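Undergrad: Dock chain H against the given chain F, drawing on the hints supplied.
The chain contents come next:
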Amino acid sequence: MPTSTLPASISKLIDRFQTLSDPKARYEQLILYGKKLPPFDPSLKLPDNRVSGCISNVYLTASLEDGQVIFNGDSDALISKGFLGFLATGMNGLPPQTILQLTPDFVQQLGLSVSLTPSRANGFVNIFQTMQRKTMALV
Amino acid sequence: MKAYFVITHGSRSPRSVLGRKLIEAALQAKCPQVQVGGGCLEGQSQTLKEQMASFAQTLPQNAQIIAIPLFLLKGVHTQIDIPEQIPPDRWQLTPILGDHPSMAELLDSQFPRTGERYILSHGSNYPGATAEFASLARSIAAQPLYWQGEPNWQTCPDRPSVSVLPYFLAESYILEKIRTQAKTLNLLPTPFVPGLVAQMAQELAESLE
Numbered sequence: 000m001p002t003s004t005l006p007a008s009i010s011k012l013i014d015r016f017q018t019l020s021d022p023k024a025r026y027e028q029l030i031l032y033g034k035k036l037p038p039f040d041p042s043l044k045l046p047d048n049r050v051s052g053c054i055s056n057v058y059l060t061a062s063l064e065d066g067q068v069i070f071n072g073d074s075d076a077l078i079s080k081g082f083l084g085f086l087a088t089g090m091n092g093l094p095p096q097t098i099l100q101l102t103p104d105f106v107q108q109l110g111l112s113v114s115l116t117p118s119r120a121n122g123f124v125n126i127f128q129t130m131q132r133k134t135m136a137l138v
Numbered sequence: 000m001k002a003y004f005v006i007t008h009g010s011r012s013p014r015s016v017l018g019r020k021l022i023e024a025a026l027q028a029k030c031p032q033v034q035v036g037g038g039c040l041e042g043q044s045q046t047l048k049e050q051m052a053s054f055a056q057t058l059p060q061n062a063q064i065i066a067i068p069l070f071l072l073k074g075v076h077t078q079i080d081i082p083e084q085i086p087p088d089r090w091q092l093t094p095i096l097g098d099h100p101s102m103a104e105l106l107d108s109q110f111p112r113t114g115e116r117y118i119l120s121h122g123s124n125y126p127g128a129t130a131e132f133a134s135l136a137r138s139i140a141a142q143p144l145y146w147q148g149e150p151n152w153q154t155c156p157d158r159p160s161v162s163v164l165p166y167f168l169a170e171s172y173i174l175e176k177i178r179t180q181a182k183t184l185n186l187l188p189t190p191f192v193p194g195l196v197a198q199m200a201q202e203l204a205e206s207l208e
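Chains as they are written, first to last, in numbering that gives the first Met the number 0: chain F, 0 to 138; chain H, 0 to 208.
Same shape as in the complex, but just chain F (with noise of 0.2 Å):
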């Protein structure tokens, strides 16, 4: 999908990873949005909200605000928490057709080197499915 049919919440932050050239910024970039995941509460781990096929544990939940989907999560591995942290900060306050009218190729134009096909070792895929999920749970 060329970056201008995307959500410009998404756009922008892809355009963010563009601008650096150096790999390791990049991955320092995706962590530092997974930093930025304000605090989950530890009694919303539960098996429901958990990413399935993710190697480390990722838990996540979305809800509703007036029309606008709200996700929150937490994991303990960096590189999923960062991707958690990414999706968040592009999808939040977007409304659920939006968010379900995303397909997850979008994370190619990042710049990391994350598979288009789902993959064990990424859980990027499993991270977009659980929001999507979650996403029309929702409606």
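Worth flagging that the hints you see were computed from the coordinates, not collected in a lab. No experiment lies behind these values; they were computed from the predicted model shown. Any given hint could turn out to be false.
[To be verified] Covered stretches of chain F, as calculated for chain H (at least 3 residues, CB under 8 Å):
no.	segment
1	19-28
2	94-108
[To be verified] Lysine-lysine pairs mimicking BS3-like chemistry, simulated, CA-CA at most 27 Å apart:
no.	chain 1	residue 1	chain 2	residue 2
3	F	K133	H	K20
4	H	K182	F	K133
5	F	K133	F	K34
6	H	K48	F	K133
7	H	K182	F	K44
8	F	K35	F	K23
Built from N, CA and C at the ideal position, the CB exists for glycine as well.
TA: The following block gives chain H in isolation, referenced to the frame of chain F:
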């Protein structure tokens, strides 16, 4: 001009049409230059052929239309029913969703790191359909199970180490029934959220080009 027409099984439940509409919307957002539509094999007032004809009428005469069957097994629907209804002119048919080259990797990625793996399919009497599915399951060290057929889902051991992945396009009456009947069985969510299916559908369509 190019157009994509996604085909799902369909049912009398409005939820099945809604699921297809979400996939169509995601595919349309991903491919703004392509006209996207869709239809169901069953549960509609129009036959699939009529739904395809209605869609084609909205397009220019020279439009190339690619039909994408969002089916997971090579059963009678995908081997006979759908091909029979595809008009001979300007329509092309992609492989089914179950034939997507990343399918095994996708299914593999859904399971917990450890434990016993089972994959639950609807099942089919069509020759070769279940053998191909069983081969897919075994390629990722999982055992096949069927809603209809053997080994039947009811024979699945119910212990904490077991995870069962539904090989169904969407949450459905069948999965609800299993979740109700086997409350302690670890039945995972279906992997096929709209955005992922849309991406796979586009890749199948582009594989024809």
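Undergrad: Compare the structure with each hint and give your call.
TA: How the hints compare with the structure:
1. With 0 residues having a beta carbon nearer than 8 Å to a beta carbon of chain H, the segment 19-28 of chain F misses the requirement of three or more and the stated coverage is violated.
2. Counting residues of the segment 94-108 of chain F whose CB lies closer than 8 Å to any CB of chain H gives 7, which reaches the minimum of 3, so the coverage claim holds.
3. Among the hinted pairs, K133 (chain F) with K20 (chain H) is consistent with the structure: their alpha-carbon atoms are about 17 Å apart, no more than 27 Å.
4. Our distance criterion of 27 Å between C-alpha atoms is met by K182 (chain H) and K133 (chain F), whose separation comes to about 21 Å.
5. With a C-alpha separation of about 22 Å, the suggested pair K133 (chain F) and K34 (chain F) falls inside the 27 Å cut-off, and the hint holds.
6. Only pairs whose Cα atoms come within 27 Å are accepted, and K48 (chain H) paired with K133 (chain F) is rejected, the gap being roughly 34 Å.
7. Between K182 (chain H) and K44 (chain F), the direct Cα distance comes to roughly 20 Å. Compliance with the 27 Å bound is thereby established for this hinted pair.
8. Among the hinted pairs, K35 (chain F) with K23 (chain F) is consistent with the structure: their alpha-carbon atoms are about 19 Å apart, no more than 27 Å.
The structure fails to meet hints 1 and 6 from the earlier list, while all remaining hints are met.
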